[in-house]
Amino acid sequence: MAHGDAALAAGGDGDAVMTVTSAVSTLDQVMQRWEPVIGLEVHGQLLTQSKMFCGCSADYIGSPPNSNTCPVCLGLPGVLPVMNRVAVEYTVRSALALNCEIPEHSKFDRKNYFYPDLPKGYQISQWDMPLSLNGHLTFTVDGEEVRCGITRVHLEEDTGTLQHAGDILQQARSSVVDLNRAGVPLMEIVGEPDLRTPAQAREYLVRLRQILVYIGVNDGNLEQGSFRCDANISLRKHGDTGLGVKVEVKNMNSFRAVHRALEYEIVRQGRLLDQGQTIAQETRGWVEAKGATISQRSKEYAHDYRYFPEPDLPPLHLSAAFVDRVRAGLPELPQQLAERLQREHGLSAYDAATITAEREDARAFEALVAAGVPAKAAANWLMGEVARLARETRIPLPGSGLGLDGLASLVKLVETGTINGSTAKELLEELYLAGGDPAAVVRERGLGQVSDQAELERLVDAVIAENPAAVADFRGGKEQALQRLVGGVMKATRGRADARVVTGLLRERLAP
Amino acid sequence: MTLARDQVTHVAMLARLGLSDEEVERYRQQLDAILAHVDRLQQVDTSQVAETAQIGGLVNAWREDVRGECLPVEKALANAPKRRRDHFEVGAIQE
Numbered sequence: 001m002a003h004g005d006a007a008l009a010a011g012g013d014g015d016a017v018m019t020v021t022s023a024v025s026t027l028d029q030v031m032q033r034w035e036p037v038i039g040l041e042v043h044g045q046l047l048t049q050s051k052m053f054c055g056c057s058a059d060y061i062g063s064p065p066n067s068n069t070c071p072v073c074l075g076l077p078g079v080l081p082v083m084n085r086v087a088v089e090y091t092v093r094s095a096l097a098l099n100c101e102i103p104e105h106s107k108f109d110r111k112n113y114f115y116p117d118l119p120k121g122y123q124i125s126q127w128d129m130p131l132s133l134n135g136h137l138t139f140t141v142d143g144e145e146v147r148c149g150i151t152r153v154h155l156e157e158d159t160g161t162l163q164h165a166g167d168i169l170q171q172a173r174s175s176v177v178d179l180n181r182a183g184v185p186l187m188e189i190v191g192e193p194d195l196r197t198p199a200q201a202r203e204y205l206v207r208l209r210q211i212l213v214y215i216g217v218n219d220g221n222l223e224q225g226s227f228r229c230d231a232n233i234s235l236r237k238h239g240d241t242g243l244g245v246k247v248e249v250k251n252m253n254s255f256r257a258v259h260r261a262l263e264y265e266i267v268r269q270g271r272l273l274d275q276g277q278t279i280a281q282e283t284r285g286w287v288e289a290k291g292a293t294i295s296q297r298s299k300e301y302a303h304d305y306r307y308f309p310e311p312d313l314p315p316l317h318l319s320a321a322f323v324d325r326v327r328a329g330l331p332e333l334p335q336q337l338a339e340r341l342q343r344e345h346g347l348s349a350y351d352a353a354t355i356t357a358e359r360e361d362a363r364a365f366e367a368l369v370a371a372g373v374p375a376k377a378a379a380n381w382l383m384g385e386v387a388r389l390a391r392e393t394r395i396p397l398p399g400s401g402l403g404l405d406g407l408a409s410l411v412k413l414v415e416t417g418t419i420n421g422s423t424a425k426e427l428l429e430e431l432y433l434a435g436g437d438p439a440a441v442v443r444e445r446g447l448g449q450v451s452d453q454a455e456l457e458r459l460v461d462a463v464i465a466e467n468p469a470a471v472a473d474f475r476g477g478k479e480q481a482l483q484r485l486v487g488g489v490m491k492a493t494r495g496r497a498d499a500r501v502v503t504g505l506l507r508e509r510l511a512p
Numbered sequence: 001m002t003l004a005r006d007q008v009t010h011v012a013m014l015a016r017l018g019l020s021d022e023e024v025e026r027y028r029q030q031l032d033a034i035l036a037h038v039d040r041l042q043q044v045d046t047s048q049v050a051e052t053a054q055i056g057g058l059v060n061a062w063r064e065d066v067r068g069e070c071l072p073v074e075k076a077l078a079n080a081p082k083r084r085r086d087h088f089e090v091g092a093i094q095e
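So the sequences go chain by chain: X and W.
For the record, in the first sequence the residue sitting at position 124 is 124 according to this note's numbering, with numbers rising by one throughout.
For the record, in the second sequence the residue sitting at position 27 is 27 according to this note's numbering, with numbers rising by one throughout.
Certain hints may be false.
[Stated by the list, open to error] Here are the simulated lysine-lysine pairs, DSBU-like style, with alpha carbons at most 30 Å apart:
hint, chain 1, residue 1, chain 2, residue 2
1, X, Lys-120, W, Lys-75
2, X, Lys-376, X, Lys-425
3, W, Lys-82, X, Lys-120
4, X, Lys-290, X, Lys-250
5, X, Lys-376, W, Lys-82
6, W, Lys-82, X, Lys-111
7, X, Lys-120, X, Lys-250
8, X, Lys-491, X, Lys-425
For the record, the hints were derived by calculation from the structure and aren't laboratory data.
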């Protein structure tokens with residue numbers, strides 16, 4: 001776990017104290033003296049058709065600059081926002097999946113600040129009456145159950161995007177603004193400071209992302225920023241219950257970046273505290289290339305937001321019937337699904353967790369089992385060869401040429417002993433993209449296993465006769481020599497024999 | 001209650017207003033009068049009135065999630081103080 005340490009050495013942050021320090025504590029040493037207190041704020045774009053307050057598309061990626069705007073999301077004078085019902089529903093769905101309460105009354109507020117990506121000069125958000133409160137998420141890290149409180153899940157609008165002219169930021173003379181993203185529905189999930197290690201923070205994010213993707217409200221893309229995370233982190237003495245001065249870390253666009261940035265901050269803050277220095281309450285940005293966080297001094301004044309109720313939006317009054325209807329529409333959540341797969345199909349906890357990591361895989365597993373494939377075989381194929389091919393081709397099984405039905409038919413050919421495992425792997429590789437009926441291909445090419453006992457015995461005898469050296473080695477006690485003989489039979493059958501049957505026959509023939 | 005000059009300059013800074021010393025004093029007095037008026041309103045007994053941000057009576061004024069027309073890029077950029085190709089151009093922002 002020298003990540004944070006190595007990163008720190010290479011940081012070159014510009015903080016003079018980092019270069020003159022003589023204390024070079026590692027992450028582990030710092031964590032022996034100090035307890036990290038971490039809380040995460042996650043922003044997730046909602047997968048609606050239209051924006052939060054107007055009819056422009058919520059799917060802006062790839063659109064030409066400023067082609068996805070209208071007077072409402074441009075913030076032109078005299079326009080009125082009208083909230084998107086589905087965005088409200090998706091937020092409530094998320095909140096329920098995170099065990100939140102849904103107050104009957106909520107409202108929107110204006111958060112006022114000037115920044116060029118915010119055309120109105122304020123963001124419509126929720127301040128004192130959010131859509132939901134008091135939830136939690138539980139998960140397991142290194143065998144230990146962690147419960148992280150969810151302070152609130154509320155709804156707001158996304159900003160536009162800024163690009164900086166010129167390659168080097170400091171030399172840029174101007175920046176350019178694209179407002180295609182402005183007004184896209186954005187859900188904010190504020191977590192309690194209940195996390196104590198970077199690994200817990202990472203697992204919280206993995207689980208949270210998984211839930212949002214499962215319930216169909218977010219596409220979980222950290223790289224493109226549809227799922228983003230900011231972290232608040234402070235250190236305190238073990239056993240203390242108060243909170244230290246917190247630093248907000250931004251610009252982390254992968255799970256790994258979150259992990260590394262938190263490790264870096266723990267070491268940075270730990271060394272300062274060890275030297276008797278105080279931590280400045282500030283916002284720092286993670287710079288991937290430097291492996292370091294850097295102070296963002298430009299946003300010093302940003303925290304005086306002067307929230308006030310949004311006069312253009314009537315309040316929300318969500319009845320129990322509304323909430324019940326949304327609750328009834330919630331699909332099975334990943335944790336429930338994993339538990340059910342263990343219970344109903346006897347999967348191990350590990351297999352169940354792996355299979356349910358992506359909803360598509362879990363669906364494929366259930367479809368295979370429903371088609372008559374034994375559970376363990378279905379799990380192994382999906383986690384092994386199919387996962388590899390999906391990764392390499394970037395096409396998931398349901399969209400592949402072979403598809404679910406094709407895979408089911410292929411795996412059943414193995415299970416019934418019609419073909420052996422290596423033939424099946426070759427066929428999978430060949431048919432994954434191209435498609436085709438595996439049973440028909442096996443028939444046409446005569447790929448079926450040689451199951452005729454007499455034929456196999458003849459081949460085994462021939463191989464024994466042709467390989468006196470290997471036979472002598474095996475009889476002399478060299479167990480590996482048997483593999484050479486098995487290989488000979490497999491070669492003679494072009495891989496179509498059942499290796500276990502061949503091995504058994506050879507042992508029988510060569511028995512003293 | 002009396003508003004301090006530095007409260008006025010703080011609010012002016014948040015609103016990106018550059019005020020001369022004279023203006024700071026003029027607005028300080030005007031804002032003071034406004035706050036004094038609000039102070040009077042504060043004295044009304046509202047203990048029997050439910051707190052609300054709106055009195056229009058509307059709730060759940062939402063629309064269905066349907067896409068509509070966007071503006072052509074030329075129109076969207078028509079009032080841009082500065083533009084560069086199809087973007088709004090602003091002073092360099094250092095994040």
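Hint by hint, here is what the structure shows:
1. X/Lys-120 with W/Lys-75: 17 Å, holds
2. X/Lys-376 with X/Lys-425: 17 Å, holds
3. W/Lys-82 with X/Lys-120: Within the cut-off at roughly 17 Å; holds.
4. X/Lys-290 with X/Lys-250: Status holds; Cα separation ~15 Å.
5. X/Lys-376 with W/Lys-82: Violated, at roughly 63 Å.
6. W/Lys-82 with X/Lys-111: Holds: W/Lys-82 and X/Lys-111 sit about 26 Å apart, inside 30 Å.
7. X/Lys-120 with X/Lys-250: 23 Å, holds
8. X/Lys-491 with X/Lys-425: 17 Å, holds
Checked against the numbered hints above, the structure violates only hint 5.
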